[in-house]
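Start from the sequences, fold in the hints, and give me the full structure.
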Amino acid sequence: MKVVVVKPERCVGCLQCRFACAVAHSKSGSPYAAPYETVLSKPRIHIGLSKNKDPFPNKCRHCDPAPCEMACLTKAIFKEPSTGTVLINPDRCINCGMCSMACPFGVVRYHFYPNNRMAAHKCDQCIARQKEGIAPACVEVCKVGALRFEDYNKVMDRDTDELSTLVYKGIRTGAQEKSSYQSLTEYKHGLEELRRRQS
Amino acid sequence: MHAVIIGLSAAGLSCLDTLLKFSPQVNVTAISEEKYSPYCRCVLTHYLGKVVREDQMYIADIAKYPENVKFIFGEKVETIDVNRKALTLSGGKEILYDKVLVATGANAIKPNYCDEEKKIFTLRFMSDAKKLEQHIKDRATVLGGGFVGIKAAYGLLERNIKVEMIVSSPYPLSLVLDEKTARFIEKEIRECGIDVRTQEDIAEINMKQDRVVVSLTSGAELLSDVVVVGKGVKPRVEIARKAGIKVDLGIMTNEFLETSAEDVYAAGDCCETMDIARRVPWINALWPVAVEQGYFAALNMLGEDVAYPGSIGMNSLKTHSFHLISGGVMKEESGVTIFERHFPQKKQFRKLALKDNIIVGMAFFNCPDDAGTYINLIKKGMPLNADPQNIVDGEVSIADLFKPL
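First to last, the sequence lines map onto chains A and B. When we follow numbering that gives the first Met the number 0, the leftmost residue of the first sequence carries the number 0, and every step to the right adds one. When we follow numbering that gives the first Met the number 0, the leftmost residue of the second sequence carries the number 0, and every step to the right adds one.
Any given hint might turn out to be false.
Stated by the list, open to error - Below, in silico cross-link-like pairs of lysine-lysine (PhoX-like), each with a Cα-Cα straight-line distance of 20 angstroms or less:
1. B:Lys20 <-> A:Lys74
2. A:Lys78 <-> B:Lys63
3. A:Lys142 <-> A:Lys50
Hint data in this document are derived by calculation from the structure and do not stem from the laboratory.
Shown next, in the form of structure tokens:
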């Protein structure tokens with residue numbers, strides 16, 4: 000199953016994914032017309048700044064089982080079985096605010112939809128584009144490779160391989176002794192730099 | 000395996016779906032007392048406000064279920080024979096089971112002045128909402144200042160009805176929030192147009208022609224068309240008690256949601272599980288909690304032995320002007336430090352209650368973006384990595400909370 004994989008350590012915080020996302024979900028689908036629509040299309044990916052001002056792209060993980068789906072009172076949130084994407088049906092949504100309470104990653108927001116009703120709003124992994132065989136808009140536009148559209152089993156395998164190599168070289172033990180890393184991003188930066196020095 | 004589910008609301012339905020998801024061949028019998036197909040009772044207040052159509056309330060299509068699922072509607076379970084593994088229905092039919100889930104839910108607490116002839120209603124079932132709808136004209140009184148009371152009052156307000164709310168405690172939401180936060184919410188509710196009277200109680204209720212006259216202990220008299228009572232719920236444990244299953248306030252369960260009897264599981268509003276924030280067995284009668292318990296009960300019924308981590312009290316109150324999300328317990332006790340920050344311009348506040356560097360309670364007002372993260376930190380009981388003052392200032396992102404492995 001292909002998902003959008005986020006590599007926070009590569010993100011530079013240019014916010015191009017946010018613009019591309021809003022355009023892709025607008026009525027016109029054009030970057031020139033989208034800002035002038037009556038109901039503005041809002042981005043579904045959020046870039047938060049951490050304490051050390053590191054950007055962190057935050058989007059829906061499409062969990063299984065999804066806590067938002069469990070908390071939804073009217074079954075407006077459902078799982079599309081073929082792609083495993085968690086979707087929102089804005090016509091059934093009653094805007095009760097339960098899903099943002101349940102989401103452990105804080106990605107559900109409330110915005111107006113083109114039919115002028117406020118409803119829960121989150122990433123749909125560009126399901127319309129996927130059906131046409133194109134990658135999601137945020138992935139297409141990301142210049143630094145922080146967002147990738149890949150099979151998650153493959154990504155897990157590759158990342159585990161990388162990490163195990165580092166462990167083998169004894170780098171991880173060194174990194175643990177220091178334990179001066181403030182955040183996940185900094186830790187990954189550290190690992191990257193150590194690897195560069197090694198090679 | 001033949002699984003039987005008693006009660007087809009949040010927990011029962013979630014259990015049924017999970018059983019079918021992980022083992023599509025399992026034989027299931029689902030017994031429901033109500034004649035309607037499953038609907039969401041939390042939406043009844045929205046239904047009163049005409050925000051929701053009736054067809055939006057139904058959450059499952061019975062016709063779409065496969066043949067190995069049998070539904071029995073409109074029948075009650077009389078007894079459970081734990082030794083013979085059989086249960087009898089009110090029609091006299093006997094059903095044998097391998098595993099049974101008791102998800103009988105809860106009833107609304109009806110104080111002794113409750114009388115449908117005097118137009119005093121509770122709001123728990125679809126039939127209640129329909130009866131209420133017939134009697135409403137332009138004035139209503141809501142008793143009780145919990146989440147249900149406020150939501151019902153707000154639902155009625157959406158219909159352009161003048162609503163008076165009577166709260167017996169000094170401030171609304173007194174069970175979950177501390178006084179300062181609750182006072183703030185009270186002010187917001189008043190600004191919506193709901194008249195809140197605190198520290199008042201009912202002295203007498205009389206009928207005057209076709210209107211209800213509510214006399215309060217302070218001497219004031221209120222005229223209204225209907226009275227809605229939202230004084231909490233009481234778990235339905237009669238069946239379990241008759242069967243000899245251990246019952247405290249609700250049906251007692253272990254961490255696998257199994258009751259004292261073998262192969263009898265309990266989930267939903269009727270069962271007592273560990274409350275993570277309070278660290279005592281507690282009933283959290285909430286829809287999302289019931290769905291979660293149904294999921295875990297189904298896994299355990301299939302023999303997976305997945306421990307249920309416990310529940311917390313959490314709720315979300317959303318109106319046109321504000322969105323409050325609260326979780327855990329926000330009480331000023333010994334050992335609990337409260338961090339808060341109020342942004343008057345943005346009409347926001349964040350509030351956290353910490354005990355030994357573990358979050359035990361939170362209340363976020365108008366910032367739904369990161370509320371869920373902290374609710375989940377309460378659920379996990381995880382020590383906090385970030386400075387709580389920075390969190391309430393809104394300067395911390397999710398990257399700071401989850402540190403390297």
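Here is how each hint holds up against the structure:
{"no.": "1", "hint": "B:Lys20 <-> A:Lys74", "result": "holds (17 angstroms)"}
{"no.": "2", "hint": "A:Lys78 <-> B:Lys63", "result": "holds (16 angstroms)"}
{"no.": "3", "hint": "A:Lys142 <-> A:Lys50", "result": "violated (24 angstroms)"}
The structure fails to meet hint 3 from the earlier list, while all remaining hints are met.
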